[in-house]
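Chemist: Okay, here's what each chain looks like letter by letter:
Protein chains: 2
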Amino acid sequence: MIVSDLPAHFATIDARRDEFVQRLCAYLAHPSISAHGEGIAEVAALLVAQLQGMGFDARSIATAGWPMVYGRRDDAPGKPTILFYGHYDVQPPDPLDAWLSPPFAPTIRDGRIFARGAGDNKGQHFAQLLALEVLLAAQERLPCNVIVVLEGEEEVGSPHIAHFVREQRALLDADLVVTADGPMHASGRAILEFGVRGVASFELRARGAQRDLHSGNFGGVAPNPLWTLVHLLATMKDANGTITIDGFHDHIVPPSDLERAALAALPLDLPQVMADLGLAQLDVPIERGYYERLMLYPTLTINGLHGGYGGTGSKTVLPSAAVAKCDIRLVANQRVDDILAKVAAHVQRHAPGVEFIAYGGMDPSKTPMDSPFAAILERAITAGQGEAPLLVPAMGGSLPEYVWTKILGVPAFVVPYANFDEANHAPNENIVIDCFIRGIKTGVAIMTYLGAEARPSGCP
Amino acid sequence: MIVSDLPAHFATIDARRDEFVQRLCAYLAHPSISAHGEGIAEVAALLVAQLQGMGFDARSIATAGWPMVYGRRDDAPGKPTILFYGHYDVQPPDPLDAWLSPPFAPTIRDGRIFARGAGDNKGQHFAQLLALEVLLAAQERLPCNVIVVLEGEEEVGSPHIAHFVREQRALLDADLVVTADGPMHASGRAILEFGVRGVASFELRARGAQRDLHSGNFGGVAPNPLWTLVHLLATMKDANGTITIDGFHDHIVPPSDLERAALAALPLDLPQVMADLGLAQLDVPIERGYYERLMLYPTLTINGLHGGYGGTGSKTVLPSAAVAKCDIRLVANQRVDDILAKVAAHVQRHAPGVEFIAYGGMDPSKTPMDSPFAAILERAITAGQGEAPLLVPAMGGSLPEYVWTKILGVPAFVVPYANFDEANHAPNENIVIDCFIRGIKTGVAIMTYLGAEARPSGCP
Chain L
1 MIVSDLPAHF ATIDARRDEF VQRLCAYLAH PSISAHGEGI AEVAALLVAQ
51 LQGMGFDARS IATAGWPMVY GRRDDAPGKP TILFYGHYDV QPPDPLDAWL
101 SPPFAPTIRD GRIFARGAGD NKGQHFAQLL ALEVLLAAQE RLPCNVIVVL
151 EGEEEVGSPH IAHFVREQRA LLDADLVVTA DGPMHASGRA ILEFGVRGVA
201 SFELRARGAQ RDLHSGNFGG VAPNPLWTLV HLLATMKDAN GTITIDGFHD
251 HIVPPSDLER AALAALPLDL PQVMADLGLA QLDVPIERGY YERLMLYPTL
301 TINGLHGGYG GTGSKTVLPS AAVAKCDIRL VANQRVDDIL AKVAAHVQRH
351 APGVEFIAYG GMDPSKTPMD SPFAAILERA ITAGQGEAPL LVPAMGGSLP
401 EYVWTKILGV PAFVVPYANF DEANHAPNEN IVIDCFIRGI KTGVAIMTYL
451 GAEARPSGCP
Chain F
1 MIVSDLPAHF ATIDARRDEF VQRLCAYLAH PSISAHGEGI AEVAALLVAQ
51 LQGMGFDARS IATAGWPMVY GRRDDAPGKP TILFYGHYDV QPPDPLDAWL
101 SPPFAPTIRD GRIFARGAGD NKGQHFAQLL ALEVLLAAQE RLPCNVIVVL
151 EGEEEVGSPH IAHFVREQRA LLDADLVVTA DGPMHASGRA ILEFGVRGVA
201 SFELRARGAQ RDLHSGNFGG VAPNPLWTLV HLLATMKDAN GTITIDGFHD
251 HIVPPSDLER AALAALPLDL PQVMADLGLA QLDVPIERGY YERLMLYPTL
301 TINGLHGGYG GTGSKTVLPS AAVAKCDIRL VANQRVDDIL AKVAAHVQRH
351 APGVEFIAYG GMDPSKTPMD SPFAAILERA ITAGQGEAPL LVPAMGGSLP
401 EYVWTKILGV PAFVVPYANF DEANHAPNEN IVIDCFIRGI KTGVAIMTYL
451 GAEARPSGCP
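One line per chain: the protein sequences are L and F, in this order.
Residues in the first sequence are numbered from 1 upward in steps of one, following our numbering.
Residues in the second sequence are numbered from 1 upward in steps of one, following our numbering.
No lab work stands behind these hints: they were computed from the structure.
Keep in mind the model is a prediction, meaning the values are calculated, not measured.
Hints may contain errors.
Because identical chains cannot be distinguished in the list, a pair is counted as satisfied if it fits within a single copy or across any two copies.
Unchecked claim - Derived DSSO-like pairs (lysine-lysine); straight-line CA-CA distance at most 30 Å:
id	residue 1	residue 2
1	Lys406	Lys342
2	Lys315	Lys342
3	Lys406	Lys315
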């Protein structure tokens, strides 16, 4: 297997374009909604069969939640082993009436396939599977060793993947992990991502009197849980956007020179971003730059705050209860358990009557930009996508990449195949067919370029 | 007419107790809901007829909203003229399923009449009207001059009474105003109230991006309207409960020595208050005392705050909009228009992107505790209630008393006849029949004691 075979593979992929689109549509027609389980077992079984059909040692592995789909082929002794991670579950499709075509009746319009899961994540991991099929149709053996892990609970926060990786470490002896998920860059450019922010969610519940009170009869003497939350929250982040929870910044690793250089090289069309958001200005002055704040800065977001009267006009009520829901985006090397413990201690210190409920989360992940696999992937993506990828130190959102970098201890990369406007988690989710096809090519190129290398020295 | 006639009048009232209860029940069976107008015209007509039946020059006077019921008898030249204010409208009765008997099917249980309006305010102003009837049944002329004003919009904030009083000043040439509304003291004692706190309501609307965003994809770069409101509100009141709006305290008149002495004399069962509210502690340390905070301190209450996700569990959303509704309780001599302008300026200075919506309100009212009418009312209440009233500098809630003290420029007093647990604005509203009967006696006593006096010197 040599890199010079790539043009022939790409020609095959182009020739089979319609067949691949049709097969993706057939796959997307199966719901697999992790929030309530519809179609999960059926789709997991489909995927196991597809992997077995390609000669993979494949099976469904039970977890405390929905099963993991697992498969491997050890075709290339002495060559690297790549683990392709993806997730076969999708978000619930509602609101249904906002879809132009039904979410599980895949429909092609304007060169895109519209369906729930088209971008997130079926269209992307299906491209990986088709890349395997294209290679195995052309030759007996894959150019590198391949492990496939497709999760069924990514859309509900991957609650069992860490346990799975710890328990099944022997099955997961990869040299690197590549995840095709999330969108490409807003500029349309391909990207190679080295990390993700983590996320930790929690809730604050404040209580006042045991019933709503008249603000005149008790205002000034009975506590107001909305004021309790306002004053508590104001101690957690100041008006300049700096998080002021004690010890919050303890473990944060500042960006490396490579990361700073990569950030500086990313294209940014700020007027376009602001027009898209309908904003006249962004958040508090962004002295460290848009991308640094989005990728390498932690955040504390109030996701929701509710208490008291919410109808029209005014009502002179002093409410009995209020709830705030928050998430924190974590950056390397913050840890979910440590940060949630610090928030709990902060709440206990500033508002001991407020109930703190931790919802857990995902640790952040960071692979060094000088990883020996980075250059290989960069060349492979350039071949598959037809242009060099932008190098992105981290994505703003979260994926369970930490299970690879922190638990397995191997480098992990995100190589998205979906268009930026994939509308994931939203009505009219879609994937641009050209992106899907370039994804298959990129999968082929990644395995081909990896197969052209010996295992890098220092690999476990 | 002399004070020594009172025992005979009281005996008459006791003898007619069942008849009076039956007639109040008949009155309470008529809905008169100002929020949507049901029964308003019918009840106003009933009241005009009742006043005319007693020889009053009475009529319904149109306003831009529901009509005022007005009547007068000038029976006693040289004697004071008292204006009895009340309101014939009631709160909507919902939630209906929480009533043990239907809200407009008055029902007697445990010595109480249960019906919407029993305490607030039909049972109380009906007692005033029966007091007139008792006096006129015993003698041809009332002992003092009487003006009756019954409003139809008190439960929707009395939006037109100020205009009415300004326009109809010639009809309202009273020496004092007495309002029987609100409850007696928690201890069960009768009270004589000299003022009310005012109220001013407003809303704050914050906006972020034009749609909800993913907290990972935009957290740290797109503004969060919930944080905007939290930080803005935190600049308006500090964690110790001190209102920090610029100029807010400019016009506040400190309590007089008489007021401080009255506050100190009020009974307070703090453990009972806290048990009733289900609270282990009250609001921020009450260094100035429960009653001073409740009656003579301004408040800033967040009535409601809503934005973003409010369902179960967590959702990593960065919301696009948030709304806070607030009311301020004003104390003498703050003014609604001045305070709302100061809040607007504060919002403009601290969060210029936040929309400020003023809902208006009612000015506070304060009658000096050394008013020459205070001692007369105190003696009359003692006679009617069978015990001396507690002297209360102000009630925590709001009534449109300012139209009498500020626009008419006469002393105004609140003399509640209803039991403390009348459940006004709530299901199972009620009046204790003994309280209703003592209210009739108190009305008779007030007019009788006023008739025993010449008009105090200095009256207009």
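Chemist: Which of the numbered hints are not met once you compare them with the structure shown?
Modeler: Every hint satisfied by this model.
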